[in-house]
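Engineer: Below are the chains, spelled out letter by letter.
Protein chains: 2
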Amino acid sequence: MGSGRLAVIGGGVIGLSCAWRAAADGWTVTVVDPAPRSGASWVAGGMLAPVTEAWPGEEDLLALGVESVARWPAFAAAAGEAAGAPVGLRSDGTIVAATGSGDRAELDALAAYLARLDRPVESLSGRALRRLEPAIGPDVRAGLSVPDDLAVDNRMLLAALQVAGEKAGVEFATRSATGVLTQAGRASGVRCAEGPDVAADVVLVCAGAHSGIVHPALDGLVRPVKGEILRLVRRPGALPAPRRTVRALVDGRPVYAVPRDGDGLVVGATQAEQGFDTTVTVGGVRDLLRDVERVLPGVAEYALLEAAAGLRPGSPDNLPLIGRLGDGLLVATGHHRNGILLTPITVDAVLALLRGEPVPEPVRAADPARFTHGKENPGARVDQR
Amino acid sequence: MGSGRLAVIGGGVIGLSCAWRAAADGWTVTVVDPAPRSGASWVAGGMLAPVTEAWPGEEDLLALGVESVARWPAFAAAAGEAAGAPVGLRSDGTIVAATGSGDRAELDALAAYLARLDRPVESLSGRALRRLEPAIGPDVRAGLSVPDDLAVDNRMLLAALQVAGEKAGVEFATRSATGVLTQAGRASGVRCAEGPDVAADVVLVCAGAHSGIVHPALDGLVRPVKGEILRLVRRPGALPAPRRTVRALVDGRPVYAVPRDGDGLVVGATQAEQGFDTTVTVGGVRDLLRDVERVLPGVAEYALLEAAAGLRPGSPDNLPLIGRLGDGLLVATGHHRNGILLTPITVDAVLALLRGEPVPEPVRAADPARFTHGKENPGARVDQR
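Read top to bottom, the protein sequences are chains S and V. Residues in the first sequence are numbered consecutively from 1, following this note's numbering. Residues in the second sequence are numbered consecutively from 386, following this note's numbering.
Take the hints with a grain of salt, since some may be wrong.
As the list claims (entries may be wrong) - Partner residues are not named here, just some residues of chain S that face chain V (Cβ under 10 Å, in silico): (1) V66; (2) L232; (3) D261; (4) G262; (5) D263; (6) G264; (7) V267; (8) E293; (9) Y302; (10) R324.
Unchecked claim - Simulated restraints, written as ranges between beta carbons of each label pair: (11) S:S91 <-> V:D648: 54 to 62 Å; (12) V:P419 <-> S:D263: 23 to 31 Å; (13) S:R131 <-> V:G442: 27 to 35 Å; (14) V:P701 <-> S:R131: 42 to 50 Å; (15) V:E556 <-> S:S38: 57 to 65 Å; (16) V:P682 <-> S:G220: 34 to 42 Å; (17) V:E444 <-> S:W42: 53 to 61 Å; (18) S:A109 <-> V:D648: 42 to 50 Å; (19) V:S508 <-> S:P56: 57 to 65 Å.
These aren't lab readings, by the way, just hints derived from the structure by calculation. Since the model is a prediction, treat every value here as computed from it, not as a measurement. From the three backbone atoms N, C-alpha and C, an ideal C-beta is built for every residue, glycine too.
Here chain S stands alone, though its shape is the one from the complex (with noise of 0.2 Å):
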């Protein structure tokens, strides 16, 4: 059991989670946001996509994602314990699909590299696709089933973190935080813009794309990444939703429809860096539209709920920074575009930090020590641009 105060800067998906678990654990716990649950979490799609996101050269963090998403069913089912509310889990796995032959070419070259780390994945024809999931259009012409990557409600999820967190203790500072105190070289809390000063035994940034703005050490080492996420839901007569998760490549393009209870569907998302602008644009409306039509066409009848834009935190090599940032100071953040698959596993680190436990061994790649390390004052400016 840990034992002080703990100051959480950040509401999103990896602060809550943080939060509910430390609290739980024994620490009084404050979270620091102007707007909980709101940011990229609230934006998400809540794809746990380890598999279909695996990357030649990321294999650090395929490694990590593996073991997080491993850890999700029970993740889900201790949050909604805690919450008395359910986190909206879907286990019905991913399909990949692709439409031209640039399309195909690059899920083959997937395929070639997943079988090569014993990740063998199963290729279909279009046909056999349109077997498992009837919504999926005749453009597709090729296609792998990933049994293994799921989705999440990232909105029920962030409300069952809230409530678990609440029910724990968990008070909340609804406040912007600008900064981290420190006394005597140790962090002694959170400085604010708004209200008094939150102080802390350990502070734990898990600002997303914000951080930079809280902790000098972070500045230029996390960036806004932002994505375009549009929200559907089934009209009555229109084509059901597939049950799968669908991640496609159109033309090169990828787009993502995670399905949703209640007829709902999530496709994502673009990806821009234009420092903290979250406007929702034409063109990337209409690309994830057209994409979207592409792969599945009965969505031309859904109705469109919402557009929205978020900011991932990015990091120079799409690992996260987990990990110890200065005497009394932890961090969480830079998830990227995993952050909601990562939470399980990233959780399970910080607790470890906070109880002074070794991490899990595929979250050691996340030391944020591989950028800071070697300076003299960690917590200085450490300019990566």
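Starting from the structure of chain S, add chain V where the hints point.
Structural biologist: Frame of chain S; chain V shown alone:
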């Protein structure tokens, strides 16, 4: 000057305008609407474009529109002065653009039709159009310039009309009207769903697509025609919006873009008859984005602020219903695509009716008696379906 109590059912652009002008004319006015300034008037694009809306066989509607657009500058000035706030009238004119050869043939037919009516318009090459409006893209091959077709910011207008009404003493009963009360064969007030009924000496029905719910004589005459519309705004670095309203035919589909002060652009509008459904659909938004980009390619970089759907009040012959429906009962509805355009002349007609004077000549074709004439009880159900 009038006298007595006037109840106006409907707080859209027609209802608010009539309420303001009647109150200024001496009437004690109550507007009955659960949500004034919402509905089709709020969703609208704000085109004031009788000429570019002209259609062979609809000469009465063209005459009504031309007469109304001529009254628009004075109406806008009066409303703006009464409210102490501008209504956002734009006098830059309208361009009609065509892309494919079928679209050009339709454009030529429109130009020939307008010439036969002695409403000549200027035919322009694609290059000449781009000299006028550099935002127009290379897919546009030909067009027309119609300087007298104007536009207004319908949301500024609604705000100004409500303020003008309030300053003139208009009261608002923010509840749903469910019918017209009668006493000894004469309208005596408005039956309300929530809260007390509204007593009146004269009742004016301006309930748009919902008019048939309010009075049985309008049920089956006025039907909802759904339209989806997008609101964009230019982002820094994106190409400027056109100064003029741009209407276009893209592979046979009509699309329009109405500029707003402050770099806004309103893009509309789909057309569908599906009852009282105001869902925004994937297919509708996809069509609007694709088609407006064909005409104004720079909008790809614009922000998409809003997608909404409204219900135009359609009538059997596309002419509105403006006139006497019974003793103490007036109607001004069924304006379909032209409610904002036809506001000034509709208001002038309603004021004339309230004063017992003849309506302006072009409004005579809009007398509801063309549908209800010969019925023993003009308040009884008229089934035109």
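Engineer: Next step is simple, just say for each hint if it's right about the structure.
Structural biologist: Here's how the hints hold up against the structure:
no.: 1; hint: V66; verdict: violated (34 Å)
no.: 2; hint: L232; verdict: holds (6 Å)
no.: 3; hint: D261; verdict: violated (20 Å)
no.: 4; hint: G262; verdict: violated (15 Å)
no.: 5; hint: D263; verdict: violated (13 Å)
no.: 6; hint: G264; verdict: violated (13 Å)
no.: 7; hint: V267; verdict: holds (9 Å)
no.: 8; hint: E293; verdict: holds (7 Å)
no.: 9; hint: Y302; verdict: holds (5 Å)
no.: 10; hint: R324; verdict: violated (40 Å)
no.: 11; hint: S:S91 <-> V:D648: 54 to 62 Å; verdict: violated (47 Å)
no.: 12; hint: V:P419 <-> S:D263: 23 to 31 Å; verdict: holds (29 Å)
no.: 13; hint: S:R131 <-> V:G442: 27 to 35 Å; verdict: violated (52 Å)
no.: 14; hint: V:P701 <-> S:R131: 42 to 50 Å; verdict: holds (49 Å)
no.: 15; hint: V:E556 <-> S:S38: 57 to 65 Å; verdict: violated (40 Å)
no.: 16; hint: V:P682 <-> S:G220: 34 to 42 Å; verdict: holds (36 Å)
no.: 17; hint: V:E444 <-> S:W42: 53 to 61 Å; verdict: holds (54 Å)
no.: 18; hint: S:A109 <-> V:D648: 42 to 50 Å; verdict: holds (44 Å)
no.: 19; hint: V:S508 <-> S:P56: 57 to 65 Å; verdict: holds (58 Å)
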